[in-house]
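Let's have the full structure, built from the sequences with the hints guiding it.
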Amino acid sequence: MRHLLSLLLLITVTAQAAGPGKSAVASAHPLATQAGLNILEQGGNAFDAAVAVAATLAVVEPYSAGMGGGGFWLLHREQDGLQTFVDARETAPDAATAAMYQNKEGKVMRDWAVNGPSAAGIPGQAAAFVHLADNYGKLPLTSTLAPAIALAEHGFHVEEHYRKLAGYRKDVLNRFPEAAAIFLHNGKVPPNNHLIKQADLARVLRALAEKGNAGFYQGEVAKQLVDGVQQAGGIWTLDDLANYKVVERTPTVSQFRGGRVISAPPPSSGGIVMGEALNILSQLNDGNTAEITPHLAIEAMRRAYQDRARYLGDPDFVDIPVDKLLSIGYAKQRASSITLDKATASSSLGEPVGVEEGFHTTHFSVLDKDGNRVAATLSINLPFGSGFVAPGTGVLLNNEMDDFSAKPGSPNAYGLVGSQANAIAPGKRPLSSMTPTFVEFDDRIAILGTPGGSRIISMVMLAVLEASNNKPVEDWVNAVRYHHQYLPDEVQAEPAFIDSQAAKDLVRRGHKVVSTGRNYGNMQAILWRQDSGEVTAASDPRGIGSAEIRAPHSSKEQSTE
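If you count by mature numbering (1 follows the signal peptide of the UniProt record, and there is no 0), then the sequence shown holds residues -17 to -1, 1 to 544, one letter each, in order.
Just so you know, the hints here were simulated from the structure itself, not pulled from any lab data.
It cannot be assumed that every hint is accurate.
Stated by the list, open to error - With a straight-line Cα cutoff of 27 Å, these simulated DSS-like cross-link-like pairs (lysine-lysine) come out:
{"no.": "1", "residue 1": "315", "residue 2": "495"}
{"no.": "2", "residue 1": "194", "residue 2": "147"}
{"no.": "3", "residue 1": "325", "residue 2": "171"}
{"no.": "4", "residue 1": "194", "residue 2": "206"}
{"no.": "5", "residue 1": "352", "residue 2": "454"}
{"no.": "6", "residue 1": "390", "residue 2": "87"}
{"no.": "7", "residue 1": "153", "residue 2": "180"}
{"no.": "8", "residue 1": "194", "residue 2": "228"}
{"no.": "9", "residue 1": "147", "residue 2": "171"}
{"no.": "10", "residue 1": "171", "residue 2": "121"}
{"no.": "11", "residue 1": "325", "residue 2": "352"}
{"no.": "12", "residue 1": "315", "residue 2": "325"}
{"no.": "13", "residue 1": "390", "residue 2": "90"}
{"no.": "14", "residue 1": "194", "residue 2": "180"}
{"no.": "15", "residue 1": "307", "residue 2": "352"}
{"no.": "16", "residue 1": "325", "residue 2": "495"}
{"no.": "17", "residue 1": "121", "residue 2": "147"}
{"no.": "18", "residue 1": "228", "residue 2": "121"}
{"no.": "19", "residue 1": "228", "residue 2": "206"}
{"no.": "20", "residue 1": "121", "residue 2": "352"}
From a predicted model like this one, the values you see are computed outputs, not experimental measurements.
Following this line, the structure appears as structure tokens:
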């Protein structure tokens, strides 16, 4: 009998641990997707593949991510069900002060906060790679960083998306000779197919692969980074780099239409804002079964984004009422002021505060054959970050310090007002909207995320609504997008939405609907249908990325580009 019970237990555990048998990678660049798949084929798991994808993006997508930046990694380990959130967000240098970007008259010096090494926080990307390799991966960094090192040494070819974003930041890149020499061509936007080689970055990646954290945060690389920053007017020290630590946090969890929504906790605002908005929707018009109209979604966004500005910041510095914000009781209270036929004026809801951050971020999603999964959103803030490369390193620094409130109560570069909760302090991590997310239904699992600044949360939320309606993964990434963030009091929407009947209905209800002038976002998503074993993936058609699925020891099965 005891033997039979043990056998039954073994069968049960094996069944629960069974993965999809296929792997999938969706990222913002085909070369990064391929790097992740190659690592999986070498015997690596999803966490190894995630390092390879992120490192490759650091090479070929310098306008969105890099070794001089940071990000958030949502992980699920299938063998024991562990779900954790790896916070590799940048930190403020120890010499940072709350008023560091204000002049003698108290006005914010926006250029100082956005361009050059003065705008850079201490990077977390390298530490994240080491943390994942040491704690979750199967392969050494010498294997997982090899694709990125090869691309840095041999080069990648410029395409139109690169040219567009380089044009946006050309003047800033030209301020810093090291950056201009790498990312421009004779001071101009490179032509299509121009080959960009990054020998210094390859050396830094190799030092990281061979020495771990000491290869980046100590020794020669650290000295080059600090010397370069200080000589150009920045305030980094060797201690700032040596003291940087990745933090593991507990993801937020909320429920919506039978799905368990696992997402990003503070210092990301994503999981709380999306969870609160979904909870509000669940209280409206039988939200678990009825259609969610844009009007209702916008009213939920409006209230959740207001609370983002009121309460959220770095949890190591600010007390955040997470349980309250994600409670059903609070959702009922917030939903009670919503009417089905009329827009609510944001000014009627109280404090006129809001926060914003840069749009140039990247996201990728990974699922391996055993069911391990990663949703990671990484950023350097504006295109090409601060525009500054520390000489001899090839490392393009972020400008994430602008994600802090440079002067609480005063408008930032986007005309929005920040709160004291997100004020600058030494060692503090700036508030973010990055929202890597899993949604677990009884029969299927969604893995998704996107770049897009403050619009990230609304984009992921709209995709969750599609997933909750059992729509295919392509519908999540293709859906026309709209957004409301409390202030400015307007619905920001993609051009395709503006002339739609849904937009006309919003105007009739009193909403102000404005076009963003262009499409936005670059969602990368994977859907695993556990009931059938089917795996599908999609890369946002607004970008140049790719999503591919592989069966073990097989050739390419599916590509969506």
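Hint-by-hint comparison with the structure:
1. 315 <-> 495: holds (25 Å)
2. 194 <-> 147: violated (36 Å)
3. 325 <-> 171: violated (50 Å)
4. 194 <-> 206: holds (15 Å)
5. 352 <-> 454: holds (23 Å)
6. 390 <-> 87: Within the cut-off at roughly 13 Å; holds.
7. 153 <-> 180: Distance ~18 Å between residue 153 and residue 180 Cα, so the pair holds.
8. 194 <-> 228: holds (16 Å)
9. 147 <-> 171: Roughly 12 Å between the alpha carbons, so the hint for residue 147 and residue 171 holds.
10. 171 <-> 121: violated (43 Å)
11. 325 <-> 352: violated (48 Å)
12. 315 <-> 325: Between residue 315 and residue 325 the Cα gap is close to 18 Å, so the pair holds against 27 Å.
13. 390 <-> 90: Holds: residue 390 and residue 90 sit about 8 Å apart, inside 27 Å.
14. 194 <-> 180: OK: residue 194 and residue 180 at ~23 Å, within 27 Å.
15. 307 <-> 352: Violated: residue 307 and residue 352 sit about 38 Å apart, past 27 Å.
16. 325 <-> 495: Holds: residue 325 and residue 495 sit about 12 Å apart, inside 27 Å.
17. 121 <-> 147: Not satisfied, since the Cα-Cα distance of roughly 38 Å exceeds 27 Å.
18. 228 <-> 121: Measuring from Cα to Cα gives roughly 22 Å; hence the hint holds.
19. 228 <-> 206: holds (18 Å)
20. 121 <-> 352: Since the Cα atoms of residue 121 and residue 352 sit roughly 14 Å apart, the hinted pair holds (cutoff 27 Å).
When each numbered hint is compared with the structure, violations occur for hints 2, 3, 10, 11, 15, 17.
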